[in-house]
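Enquirer: Sequence:
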Amino acid sequence: MQESLEKGKPQVEVRYCLGCGYFPQAAWIATEFWSEFSGNVGLTLTPVEGGRLEVLLDGAVLFDRLAQNGAFPNWNDLRVMRRAIRKKLPAPKLLQPVG
52 MQESLEKGKP QVEVRYCLGC GYFPQAAWIA TEFWSEFSGN VGLTLTPVEG
102 GRLEVLLDGA VLFDRLAQNG AFPNWNDLRV MRRAIRKKLP APKLLQPVG
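Numbering (the numbering used here), first residue to last: 52 to 150.
Since the hints were derived computationally from the structure, they do not count as laboratory data.
Check the hints yourself; a few may be wrong.
Restraint ranges, calculated between C-beta atoms of paired labels, are given here [as the list claims (entries may be wrong)]:
{"#": "1", "residue 1": "Pro141", "residue 2": "Cys71", "range": "30 to 38 Å"}
{"#": "2", "residue 1": "Phe74", "residue 2": "Ala142", "range": "16 to 24 Å"}
{"#": "3", "residue 1": "Asn127", "residue 2": "Pro75", "range": "17 to 25 Å"}
{"#": "4", "residue 1": "Asp115", "residue 2": "Pro75", "range": "13 to 21 Å"}
{"#": "5", "residue 1": "Ala142", "residue 2": "Gly70", "range": "35 to 43 Å"}
{"#": "6", "residue 1": "Asn120", "residue 2": "Pro98", "range": "30 to 38 Å"}
{"#": "7", "residue 1": "Val131", "residue 2": "Leu96", "range": "29 to 37 Å"}
Just so you know, even glycine gets a beta-carbon here, dropped at the ideal spot from N, CA and C.
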């Protein structure tokens, strides 16, 4: 991961088996995260081997296709991953009254 480039931001890494053709699934996951979190997280797509499709947050596994009996992530899995990412983000700053 490019932690030095995204210092202080939660790091999301999507590892996908390139030879298995899992890039479309990895790109879908990454697009969903980017559309919600945009520049607030570091996002990396990493090609790997061995039939893997994994999503990691700061090195901790959020989703592992092989541990899910080969199932791809569904909308509920994505919701759970989003919640975990959201917990790592700083609390939003409240607007201060002017005047």
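Enquirer: Please go over all the hints and tell whether each is borne out by the structure.
Expert: Hints versus structure:
no. : hint                         : in the structure
1   : Pro141 <-> Cys71: 30 to 38 Å : holds, 36 Å
2   : Phe74 <-> Ala142: 16 to 24 Å : violated, 35 Å
3   : Asn127 <-> Pro75: 17 to 25 Å : holds, 20 Å
4   : Asp115 <-> Pro75: 13 to 21 Å : holds, 18 Å
5   : Ala142 <-> Gly70: 35 to 43 Å : holds, 42 Å
6   : Asn120 <-> Pro98: 30 to 38 Å : violated, 23 Å
7   : Val131 <-> Leu96: 29 to 37 Å : violated, 20 Å
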